[in-house]
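Trainee: Sequence:
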Amino acid sequence: MIVGLGNPGARYAETRHNAGFWFLDRVAGLAGVRLRQQSRLQAEVARTRLHGLDCLLVKPQTFMNHSGQAVRAVMDYYGVGPDALLVAYDELDLPPGTARLKAGGGHGGHNGLRDIFRHLPEHDFLRLRIGIGHPGFRDAVTPYVLSRPDAEDEALIRESVTAAVGVLPAVLGSDLAGAMKELHTVREDGL
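At position 142 of the sequence shown the residue is numbered 142 (the working numbering), and the sequence of numbers has no breaks.
Check the hints yourself; a few may be wrong.
[Claimed, not checked] In silico EDC-like cross-links for lysine to aspartate or glutamate, where the CA-CA straight-line distance does not exceed 16 angstroms:
1) K102 - E152
2) K102 - D76
3) K102 - D25
4) K102 - E122
5) K102 - D83
[Stated by the list, open to error] Computed spacing ranges between beta-carbons, pair by pair:
6) R118 - E182: 27 to 35 angstroms
7) A140 - G173: 39 to 47 angstroms
8) P143 - A84: 18 to 26 angstroms
9) P143 - G52: 18 to 26 angstroms
Just so you know, these hints were derived from the structure itself, not from any lab. Backbone N, C-alpha and C define an ideal beta-carbon position, used for all residues, glycine too.
I would like the entire structure built from these sequences, with the hints used as guidance.
Mentor: Here it is, written out as structure tokens:
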């Protein structure tokens with residue numbers, strides 16, 4: 001189950017906080033599937049086959065701060081455990097153009113992850129952190145994440161999404177170490 005975190009609606013579609021949605025949309029596009037609203041699950045969901053595995057693609061429609069409700073509903077409905085969960089989300093502590101895989105750990109203050117923690121008994125699921133940068137001041141975080149990045153940052157964020165999609169075959173093939181090495185290694189030419 002691959003979950004992209006974000007806020008529903010056109011108002012938020014191009015904001016930094018929706019980097020997880022950008023990732024999921026890219027995966028769905030490459031898979032040739034369209035997510036469909038499942039009201040009882042409070043999410044848009046698509047079933048597909050990726051790199052030899054049956055997968056669920058999920059975009060919670062509960063707004064970021066209540067993402068856990070939808071994630072838990074979909075997991076319960078489809079019988080998915082935390083060991084088969086990948087959550088993609090925006091990360092303030094990473095610069096634009098950076099994406100990092102992480103297994104387990106804390107929520108790092110991310111409200112979407114915090115709510116998932118509230119709804120799941122185990123927190124050892126896989127995370128894809130998509131760097132959006134930090135505005136520099138704590139008081140500026142909310143307007144920053146809820147605004148559209150400038151063209152340069154948006155291009156960098158979308159490049160990191162592309163890089164993350166590129167390591168999905170390794171992630172789904174249980175080669176997390178290989179996926180991390182590929183995604184986390186900065187080449188000398190900057191790509």
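Trainee: Which earlier hints can't be squared with this structure?
Mentor: 1, 2, 3, 8 and 9
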